[in-house]
Amino acid sequence: MQLPKLPVGEAVEALVDWIEEYFGWLLDGISEGLRFLVGGFQDLLLIIPALVLILLSSVLVWLVTRRDTRLAVLTALGLLLVWNLGLWDLAMLTLALVIVSTVLALAISIPVGIAAAGSDPLNAALRPVLDLMQTMPSFVYLIPAVIFFGLGSVPGIIATVVFAMPPALRLTNLGIRQVPTELIEVADAFGTTPRQKLLKVQIPVALPTIMAGVNQCIMLALSMTVIASMIGAGGLGYRVLVGIQRVDIGMGFEAGLAIVIIAIILDRITQNLVPQHENR
Amino acid sequence: MKSEGSVIFEKISIEDATQLQPIVSVKGLTRVFGQDPEKALALHRSGRSKQEIYEETGSTLALNNVSFEVMPGETFVLMGLSGSGKSTLLRCINRLIDPTEGEILIDGEDIVGMSQEELRATRRRKLGMIFQSFALLPHRTVLDNIAFGLEIQGIPADERHRKAEEVLQMVGLGGYGASMPGELSGGMKQRVGLARALTSDPDILLMDEAFSALDPLIRRDMQDELLDLQQRLGKTIIFVTHDLDEALKLGDRIALMKDGAVVQIGTPEEILTNPENAYVEKFVADVDLTRVLSASDVMRRPEPVAQCTAGPRVALHLMEEHDIQGIFVVTRQRLLRGRVTLDDAVEAVKKGKQMTDILITDIPVVAPDASLGDIISLIVESPYPVAVADDTGRLRGVISRGAILAALARKGEDTHAAS
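The listed protein sequences correspond, in order, to chains A and D. When we follow the numbering used here, the leftmost residue of the first sequence carries the number 212, and every step to the right adds one. When we follow the numbering used here, the leftmost residue of the second sequence carries the number 10, and every step to the right adds one.
Hints are supplied without guarantee of correctness; some may be wrong.
[As the list claims (entries may be wrong)] Estimated spans, in silico, between C-beta atoms of each pair:
| id | chain 1 | residue 1 | chain 2 | residue 2 | range |
| --- | --- | --- | --- | --- | --- |
| 1 | D | Asn286 | A | Thr392 | 42 to 52 Å |
| 2 | D | Ala187 | A | Ala335 | 37 to 47 Å |
| 3 | A | Leu410 | D | Ala187 | 50 to 60 Å |
[Claimed, not checked] Far from chain A, some chain D residues (derived; all Cβ distances over 12 Å):
| id | residue |
| --- | --- |
| 4 | Ser58 |
| 5 | Glu110 |
| 6 | Gln125 |
| 7 | Ala130 |
| 8 | Thr131 |
| 9 | Gly137 |
| 10 | Met138 |
| 11 | Gly186 |
| 12 | Arg205 |
| 13 | Asp212 |
| 14 | Val289 |
| 15 | Arg322 |
| 16 | Thr340 |
| 17 | Asp352 |
| 18 | Gly411 |
Honestly, the hints are just simulated from the structure, not real lab data. Yeah, the Cβ is synthetic: ideal placement off N, Cα and C, and Gly gets one too.
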């Protein structure tokens, strides 16, 4: 005798229907908002002539790295290559996606990380959730993202946010917890309010660690672009995907190279954003 | 400065200060670290030892019924080995650690019962703290570190920077305001730590092993400067140290702690010469007396003295009457002018010379707080007794070789007899 199949699929469908019915307005709102943000960002990046933007980027790198001329020149050369390969528009879409995803991920992970540093129960509750987010194969959250937000850049952003958030949250938590006890005592002994202690002592002292988290967040967001393009997020990732599908090594490699160039530039900028202080 | 109160014939000391209200008053302070403080306290009341309480409950009795009072302007040293509870006690005073039991009055207000709001106000206005590890904020410039307390109080930037700059000058670091803490040496960092605590002008400075991380020479300089600052600013200082020499040098009074309890409270003299029990005795056994005793401890009354308006005949008469070989010459205000020897006086009387002709002005003079070690080297080189004069130049006392030997012998005996 054959056991009847448990109606898991049906249950999920019912759940999705229910969510669509009662929270459809919310999902639509999020969807519209994100689409507007990405579109706006991409338009902004494309309004500026490519050569001007390349120059601005290399000046930015030069300033942030405290006048590392070599790195500024390499930035300009790398971006010129992207432009020359005809990938500029796609690169700007990818950049817009990465920036929007990262900002969203940080807007969630940094405050939650700070809260987790101040509360052991919250920290304990978050740990398995973060483990799940980091170890679950990233393709898996493409499915619910598509279910709720359809195809396109929005589910790509949602999946990217989920994927990129954990390191920033963990490092923020760690950074605040690692602020030396004496510095906390200084804050208390001088009569700080909890808010002053957080803003004037804990966050600034933890900032190098928090920035390492921000850096990881950006890198993970970039690495997600190819996967997100499978659900229509577009950009350089889509180009790579097409290259794979057509077994066009040249096309895939060019787009992949452009991703690497953007990644290196973003990495160097974020790594140097906060000066490192010798402790004690 | 501590010796100011102990000049030999104008003894102003703690007894006179008792009319004042204590600025810090600690009563029956107990602190238990662990899961079940109530149970540990109950065991403690039934007379169990710290060790027994730990074995039974896993809780540590860090402070055991500690009581003491600190007078305004006093330097009160909490001394003990590591684990004796001295740092815990210090942190209870500004409630970085909450006491389990007992009360701490600061200017008569119980800090233990204060709300968060009142506690913050008290910490801002009355309590400054200096840490062993300096604890400077690494992301702020020296000036912004020093201005931290004022910033917390909401003082506008230009005003707090002006104040911080003043204090920076005072601790001898003018010009370093824009440096980052990472660029400074240990001694400089602790000057910044001191400046940070002084900037909000608190009445009480809590110093937790403040100089213990510095190397010996710099440490001595910092101690001298603290004494100097203390004299100028008149702060009340509660100073934690494990170093007896430091305690003896800085403290007006010392509380010696062991296993969370105060074993003895007294002036450095009392602790050294009258150790209350074997523990204190062992602690002080290795102290070099020449570093502990100061000029004011061994000097005698400078009598007789000759007025400089009087002639050589008067001086000669005084010397003959007291059977001495020389005499100090002072003004009416007892300002030291010099010394006249018996031989010179005899010759002056014969030849009709004036007092000023035979006055020897090149004589050894020390301050009342000079250490015995310094005086011994002076007295060995000089044929005359050493004069003790305060910083206004008034003659306070005189030290002969005999007086030093007698003082050392007496203290040595006391310490011996007690052990």
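Right, here's what the structure says about each hint:
1. D:Asn286 with A:Thr392: 42 to 52 Å: violated, 34 Å
2. D:Ala187 with A:Ala335: 37 to 47 Å: holds, 44 Å
3. A:Leu410 with D:Ala187: 50 to 60 Å: For Leu410 of chain A and Ala187 of chain D the Cβ distance comes to about 23 Å; the hint is violated.
4. Ser58: Since the minimum Cβ distance to chain A is about 29 Å, Ser58 of chain D lies beyond 12 Å and the statement holds.
5. Glu110: holds, 21 Å
6. Gln125: violated, 9 Å
7. Ala130: violated, 7 Å
8. Thr131: violated, 8 Å
9. Gly137: Non-interface label fails for Gly137 of chain D: nearest chain A Cβ at 8 Å, not farther than 12 Å.
10. Met138: violated, 4 Å
11. Gly186: holds, 17 Å
12. Arg205: violated, 8 Å
13. Asp212: holds, 14 Å
14. Val289: Given that every Cβ of chain A is farther than 12 Å from that of Val289 of chain D, nearest at about 30 Å, it holds.
15. Arg322: Arg322 of chain D is indeed farther than 12 Å from all Cβ atoms of chain A, at 67 Å.
16. Thr340: For Thr340 of chain D, whose nearest Cβ neighbour in chain A is about 50 Å away, the distance exceeds 12 Å, so it holds.
17. Asp352: Fine: 64 Å to the nearest Cβ keeps Asp352 of chain D off the interface.
18. Gly411: Non-interface label on Gly411 of chain D holds, nearest chain A Cβ at 51 Å vs cutoff 12 Å.
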